[in-house]
Every structure is written in structure tokens, then in C-alpha cells.
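S.K.: Build the full structure now, drawing on both the sequences and the hints.
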Amino acid sequence: MDLAGNTAHGMVPAHKPQGLARWLYATNHKDIGSLYLWFAFCMFLVGGVLALCIRAELFSPGLQFFQPELFNQLTTLHGLIMVFGAIMPAFTGLANWMLPLMIGAPDMAFARMNNWSFWLLPPAMTLLLLSFIVPGGAAAAGWTLYAPLSVQLGMGMDLTIFAIHILGISSIMGAINIVVTIINLRAPGMRMMNMPMFAWASLITAYLIIAVMPVLAGAVTMVLTDRHFGSHFFNAAGGGDPILYQHVFWFFGHPEVYIMALPAFGIVSQVIPTFARKPLFGYSSMVYATSSIGVLSFMVWAHHMFVTGMPATAQLFFMYATMLIAVPTGVKVFNWIATMWQGSMSFETPMLFAIGFILLFTIGGLSGVTLSVAAVDVQLHGSYYVVAHFHYVLVAGALFSLFSAVYYWFPKMTGRMYVERLGQLHFWWSLLWFNVTFFPMHFLGLAGMPRRIPDYALQFTDFNRLASIGAFMFGLGQLIFLVNILYSLRHGKTAPQQPWEGANTLEWQIPTPAPYHSFNPPPQLETAENGVVLSMREGGQG
Amino acid sequence: MQGDTAAFNLQAPATSLARMEYDLHSMLLWVTGLIFLLVSAVMLYAIVRHRKSRGHVAKPFHENTTVEIIWTVIPLLILLAIAWPATRAVLSQKSTHGAEMTIRITGYQWKWRYDYLDDNFGFVSHLATPRAATAAGAARPEHYLLEVDAPLVLPTGRKVRLLLTANDVIHSWWVPQLGVKQDAIPGFLRDAWFMVDKPGIYRGQCSELCGKDHGFMPIVVDARSPADYARWRAARLKQAAAAADDPARVWTLAALRQRGETVYSQNCLPCHQASGKGIPGNFPALDGSAVVNGDKAAHIRIVFYGSQRNPAMQAWGKQLSDTDIAAVITYERNAWSNHNGQVVQPADIHALRGGSG
Ligand code: HEM
Ligand SMILES: [Cu+2]
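Taken in sequence, the protein lines are chains A and B.
Under the UniProt record's numbering, the first residue of the first sequence is numbered 1, with each subsequent residue one higher.
Under the UniProt record's numbering, the first residue of the second sequence is numbered 1, with each subsequent residue one higher.
Derived from the structure by calculation, the hints contain no laboratory data.
Hints are not guaranteed to be accurate.
[Unchecked claim] Across the chosen pairs, the derived CB separations fall in these ranges:
no., chain 1, residue 1, chain 2, residue 2, range
1, B, Asn310, A, Trp38, 54 to 60 Å
2, A, Leu244, B, Asp191, 19 to 25 Å
3, B, Ile70, A, Arg191, 24 to 30 Å
4, A, Ala56, B, Ala139, 20 to 26 Å
5, A, Phe317, B, Asp191, 17 to 23 Å
6, B, Ile302, A, Arg22, 55 to 61 Å
7, A, Cys42, B, Leu44, 32 to 38 Å
8, B, Asp246, A, Ile469, 58 to 64 Å
9, A, Ala56, B, Asn310, 44 to 50 Å
10, A, Ile469, B, Tyr45, 41 to 47 Å
11, A, Met473, B, Thr66, 43 to 49 Å
12, B, Leu77, A, Phe317, 18 to 24 Å
[What the hints assert, rightly or not] Covered by chain B, per the in silico footprint, the following chain A stretches (three or more residues, Cβ under 8 Å):
no., region
13, 149-157
14, 226-233
15, 248-260
[Claimed, not checked] Derived contacts from chain A toward chain B, CB cut-off under 10 Å, selection only:
no., residue
16, Gly62
17, Gly448
18, Gly502
19, Glu538
Backbone N, C-alpha and C define an ideal beta-carbon position, used for all residues, glycine too.
M.R.: Below is the structure:
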């Protein structure tokens, strides 16, 4: 069953370009994966600095650092950069790195398109950041870019629209690549219903991306033509409707939320079984739950619009549909806990982040149930309660799962171990300060503080102080991660092929670090649920 | 600390709607809180007992149809139980019929206008906290950012129907204690309702990002006993009759300039600034501007009709009276370093409206 050597034999002679060309012309899924991950981390720092600017301004009542128009630009770009620059590329990067290794494919299906999907990102993000210095500044309508406000703004808005078009193309190409790779390039014996959950999650996410990114492109294009060509899509005086924008945007936007959550579910479903030394509980119900979340995510968009004045019947429909999503989500949480139950658990950093994910994502999910009740949402919509809610699912959800994944696969990617104590410190530090930052925001929202405001009434001071202190400490803690990675890349202990006792998916059956070219030709596999490899033979000639 | 201290929950309800929302939220808090405790307790137990360092050996089970059905059905039942009161609450929030008076609320960048449709008068309500109080280190009044020059005065014990719309972008009218939040959408009317129990001052804010001064468009509702309200209403009606300016009256430069300064600070200052210097790149300076120092007609035109190029410069002709427009133009032409001594009379504006009327 030790096939490390065999696979190495079957490899084509390593062709590994050097220097800048290696990255610029990259077609190797591992190189592209690394590019994505580093890019996403840089954008996480940029978006994080913008968040800290927001929190600095909100440390006290009054306008200390930023005038309102600049403040609005900071919130808008923070949201856009975190969503499109950090979280989404990070998941695509992980999928690039790990999918071929987990399903036994030699590379991604479209290697050259893969290069394009990555290299579109830097120019798009440059456009976004550049918009800060054009006349009128960056887009200031919030990451949702609601019309008619977005129709009013200066040319920073045009740059943003252009950037979103480019980002959309990049995501769609990345998603097509993932779909085709998973459908066509699985090694013989890797049945769909045995695939690792991470592959399932990536597949469903990719379908969501292909379905909704064009919708977003449509929405912002309509804003663009309203701005410059008098199309009046969103202008009542010209026969349009401002609310139309919100319907189109959230038809994209709600699936988008799951685009940032499903891959996280996938990661956690790999990490928990490994460190519980037990197979994933309820694998097939996990697959069905993930798929039904994907389908339901298209039917709940208007829960973001409960106070636009929808008729009662529409409110009720979207309320019920939204509440329904809690069921498959609950199933997933219960399955993870059942996986831990009667396990033989150890708590290395990836496991800590995965458990942190479950705990905090559950809080975000439950505040989501509260928000789904339209009558209560009337008090909470547009308030800091919402900011708290979505950071519980995006930071403690998406981001924590990403940290878990990076620590988990770091040995396989680099051949070295990260420093465990720094990893643990990073986790406990993030857990503590994350909650100090975002938990009080629930109280602020309940007490009546609207979101997206640069200044606030005096009774909100205490919790804003607390949140700002938490945010700065949380931000500081991310440097622990950076230091750990940079140090371990060069000086980390050499990793064995299988650093985690309980890891039994395909990527752990090849040498560490993963050779530059792997599974060419693909191996013959015998697999069990969740990608567990029972046996592997060297593949025939492809 | 100044002001109220930190609060952990929704504000004290002052209407039946707000009370319903409050109770529903409390119920959800209990339900979700208990679920969270239960889930984390089970997880914690596993974490403590089923760990390798205690020598626990894994039991490799990986499915159990009965359990899986149970934990799909139980959440479903809990949700059904929540859906029942939630549905009733939605229906009562939406039922505006039987209202005894109607107020039209119009959101503007960045102020609210209230029109008493039954009585045919209305007024604009601006932030009353002085801009200077927002400076770092400035003293902040007790109701910092939550005070207005003209609150919405209403009687208690009467069902009030709101008709909401907006002039420019989407705003949202939110007064937590009244249990009402409703978007105000340009070009469309939406309705909402409430009935205040007790006299009092109820404060809220715009809750939909509406541009630069989104954080500075508070809402104050001053609920009075029916008798007090009747007195206020009578005074207000008399005032409205008296305040109807005669568009034919000829004003002096000084009188117009003085009135214009007030109009400017309520309507123009957020963008063009007290200094008249605007915000470079966003809003043009008026101090030294070619339009302000040039031909009167062009100046009147842009104020009256708004800007073709930038919708942030609104058509003030639709919002302000002839006298107010004349006053503010006269002010702008004679403020800061602009001293052209010209007076624009209400009649000049009246002519634009098509003369008679
Ligand atoms: C360092 C951690 C972070 C801090 C301290 C932070 C803080 C904030 C704050 C204070 C706001 C503005 C709230 C407002 O005025 O409405 C905000 C908005 C937002 N954040 Fe974060 N955030 C963090 C990380 C993230 C991450 C990882 C994401 C991932 C996608 C994210 C997504 C968003 C979005 C989408 C918005 C809404 C922007 C808008 O209102 O248009 N944030 N964040
Ligand atoms: Cu507003």
C-alpha cells in the first residue's frame, strides 16, 4: 500500500520552470494554488487594515480620523476586498492545490485557463485600490452597491464595476475548471459518492459561482448603463425601480454567502475525522445536506429585503424558506459532533480551528435564524446585529476554516511542519479577540446602532470601544500566523509523508512535499466514503 | 459616562408592534440559546472524554439512520413552532387599515420631511447637533446626533399610518421603541403603522446607507397626549397660514442674506461646507465660483433645477419656497469672498414656476 515510490516512478520527468516565468506562466496546479493563497493572504491584510481604520474611527464618538465620505469608502472596500479578494481566492487556491491530490488527477483540467483565472485577480484588485485616488474617491455605497446611491457616485464606482466584471470572469473560469476536473479527472475507483467532502463542497460551490456571478455582472452593468447611458433601470422617473437592483443583487448575493461557507464545510469534514481518528459520520447525509443548502440558497434572497416593503405573502415565503435552511445546516453540525463522539481525539492546530469553527459558526447560524423571522428582522436589519451575524459566519466560519486547512495541509505542500506552539497561540488568540470584537456588536445592534455610520450616539460608546480594542488585537494576532508560515517554510521540521496519524485520504499516500507532478498517469484506487483510500496501485499508461 | 449606559437588549417597547417584536426576540433568544448550550455541551463532553491523551480508543461507527432522522425532524418541529407566532407578527405589522391619521415621510439627503396629509401642512426635520460637536475632543451634548430641530409630533393612542417615499436615494425610517423600520424608496410609496402608548420622546436614525451624511439624519418622534397634540396642531396651523410668504414682497439685501444663511446651513452646508469651499473632487466650492459670481440666471437655474451632471445637487425648486430659494441665492452671492451686492427677489423665482399661482 505504500505507493509513494511507485507514484514517483510513474511521473513524467520533472519539468519545473524557474524564476519569474515559473509564476507568470504558471500552469501547474500547485504553483497556481500557491499564487492564489499568497494573493488572498495579502488581500486579507489589506482588507484587515481597512477594517482597522473603521474600528479606529469608531473607537470614540465624534469624527477623529476620517470624514464621512472617506469612511463610507473604507467600509465598502473592506467588504469588497474581503469577499472577492481574500475569502473567494483563498478557497479557489486551496481547491487548486488539493483537489487533484485528493481525487487522483494529474493536474486541473484546463491548465492554461487556470493561469488566466489567477492573473486576472491582481489587475482587478489594483483597479479597486486605485479608485481611492481618483476624483471623488472609491465606491462608497457599501459592498452591496445599492442603486440609486451607486448611480450617484463618482468615477471610483466605474472602476469598481470594471473590477467586479474582471473578478467575476476569474471566478467563473476557476469554477469551470473545478467542475470539469472533478467530473472528468477522478482516478479510476474514486467514485462520486466516495469523494472527499472537500471535493463535494468545491463542486457545489463551483456550480453556485457559475450560476450567480453572471447575475452580479448583470446587476452592476445595469448600474453602469444607468450612470452613463440614461437607461433608468433603477430610476422610477424613467419607469425603473430601485428595488429591482436589490432583487438582482441578492439573487447573486445569497448564494454568494454559501460560496464562502460550503468550502469551509468541506474542509472541516476532512479535518475532524482525521483528528478524531474516526470516519466522518453520516457521509451521504452530508452530501445531501450540502446539495440542498446549495439549492435552497437560490430561494431565500429576499430575506435581505424584509424592510423594503414586500407584501406579507412574499415576506412569509422568504421567511419560511430561510428557516428551512437551518435544517440541513443543523444536520451538518450534528454530523461533525457525532464524528467526534467516541473518537480518539487530539488537538493539533487544524483541529482547534475546526472546533472553533463549529462553535462560532453555530452562533452565526442561530443569529441567522433570529434574523430570518421577518417580524424581528424589522428591528435588526441594517443594524450592527447584522454585522455581528455575518462576521460570525465569515470570519469564524470561512476564515477559521481556511486557517485550519492551511495548517492541515502545510506539511504536504511544503514538506515542513509549522511550529505547533505558534499555531496554538494563533488559535487561542484569534478565538478570544474575535469574540471580544464581534460579540458586543450584537448588543449594539439590539440597542439601535445602525451599521455603516462613521459616528454614533453616546450610549453606544462602551461596546464600540471594546469592539475596537478586540479588532486591533485580533489583527495583531494574524502576524503570529504570518511569522509561523515564513519561519516554517525555511526552518520548520521536515514533515513525514503522513504527519497526522488519522489522515487516510489520497493526498497522504504520496511523498511529502507533494512532488511537482503527481498522479501522471492516475492510480487505480479502491476507496471508501469521504475519500478514504483502501488500496492504490500504479496506474496504467494514460 | 455621558448619556445612557450600555444596553444589552432591544430598547423598551412603546407600541404594541415593538412589544410583539421584543417578545418574539426574547423567545428566539431562549430557543437558540438553549440549542447552543446543548450542542456545545455535547461537543465539550466528547472533547473532554473522548481524547487520545486519556487513552480513549475510537469506535469507528459512521452512521445511524434513526439518530439522523431524529435530528432532522426535531429542528423541523422547533422551526414550525417558531413559524406560528412569527407569521402572526408579520401579518399584524403589515395591516395598516383602520388608521386614524396619515403622515407622509420623505427621505432627503440628509434630512426627513413630514407632511400631515390630513391637515395639509408639513415641515423638514434636520439634525440639530451642531457640526462643531463632531470634532475630535469637542464637548458632546446629551443626545448627540439624535436631536432634530423639528420633531414629528403625534398624538398617543391613535393609529398612525405612515406613507414613505424618498427624493434621491433609498433611506430607511427606524425608530426602535416604536417597532417600525421601513425603507423610503424614491418614486414609490410604502406604508407602515404604529400607535404610541405613552407620551414621550422616541429617537431613531436612518438605517439604509444613503451617502455621505447617512450617520447624521436622526428621527425624533414627540408623542403627546391627544389634548396637547390638539393644542400643538392648532398653533402649527396658524403658523403655517402666517408663514406663507408673499412672493411679491420686495426684500432688502440684509434681510434676505440673513434668512439665506439659515436655509444654507440646513440644506447646502453638508456638501458645500460652512466655508463655501466644498469638498474637492466631490462637491464644488461656491466661494469664488464662476456660477455664483457670474450671471444671476445661471445661478438660479442650477439651484432651482439641480445639476444635470451630478444628481447629488438636487432640484431645490421642488423642496424650498420661492422666498427661501431667493434668500439662499442672495446669501451665496454675498458670503465668504463673494461680494457682488446683487439681490435675487422671490418674484424672480416665482417667475420660473410659471408666474401665477
Ligand atoms: C479583522 C477582522 C475584521 C474586522 C475587525 C472587521 C470589521 C468590520 C466592520 C467594523 C465593518 C463595518 C460595519 C459597518 O459600518 O457597517 C465590516 C463590514 C464588513 N465586513 Fe468585516 N471585519 C473583519 C473581517 C472580515 C472578513 C474576513 C470578511 C470576509 C468576507 C468581512 C466582510 C465584511 C463585509 C462584507 C462587510 C460589509 C461591508 C458593507 O457594509 O458594505 N470582514 N467589517
Ligand atoms: Cu438616509
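S.K.: Compare the structure with each hint and give your call.
M.R.: Structure-based check of each hint:
Remark: the range hint 54 to 60 Å for B/Asn310 to A/Trp38 is contradicted by a beta-carbon distance near 41 Å. At about 20 Å, the CB distance of A/Leu244 to B/Asp191 agrees with the hint of 19 to 25 Å. About 29 Å separates the C-beta atoms of B/Ile70 and A/Arg191, a value consistent with the hinted range of 24 to 30 Å. About 22 Å separates the C-beta atoms of A/Ala56 and B/Ala139, a value consistent with the hinted range of 20 to 26 Å.
Between A/Phe317 and B/Asp191 the beta carbons are some 20 Å apart, a value that agrees with the proposed interval 17 to 23 Å. One distance hint, 55 to 61 Å for the beta-carbon pair B/Ile302 and A/Arg22, holds here, with the actual separation near 58 Å. Restraint check, A/Cys42 to B/Leu44: a C-beta distance of roughly 37 Å satisfies the suggested window 32 to 38 Å. Take B/Asp246 and A/Ile469: their Cβ atoms lie about 60 Å apart, and the range 58 to 64 Å holds.
A hinted range of 44 to 50 Å for the beta carbons of A/Ala56 and B/Asn310 is inconsistent with their spacing of about 30 Å. Hint check: A/Ile469 to B/Tyr45, Cβ distance near 33 Å, so the stated range 41 to 47 Å is violated. Look at A/Met473 against B/Thr66: about 46 Å separates their beta carbons, and that is inside 43 to 49 Å. Checked against the given bound of 18 to 24 Å, the beta carbons of B/Leu77 and A/Phe317, roughly 20 Å apart, stay inside it.
With 4 residues having a beta carbon nearer than 8 Å to a beta carbon of chain B, the region 149-157 of chain A meets the requirement of three or more and the stated coverage holds. Remark: the region 226-233 of chain A is not confirmed as covered by chain B, as 0 of its residues place a Cβ nearer than 8 Å to a Cβ of that chain, below the required three. Coverage of the region 248-260 of chain A by chain B is violated [criterion: at least 3 residues with CB-CB distance below 8 Å; count 0]. Satisfaction of the interface hint for A/Gly62 is found here, the shortest Cβ-Cβ separation to chain B being roughly 5 Å, below the 10 Å cut-off.
With a least beta-carbon distance of about 4 Å to chain B, the hint placing A/Gly448 at the interface is held under the 10 Å criterion. Here the hint on A/Gly502 is kept, as its CB sits about 8 Å from the closest CB of chain B, short of 10 Å. A least Cβ separation of about 29 Å between A/Glu538 and chain B goes past the 10 Å threshold, and the interface hint is therefore violated.
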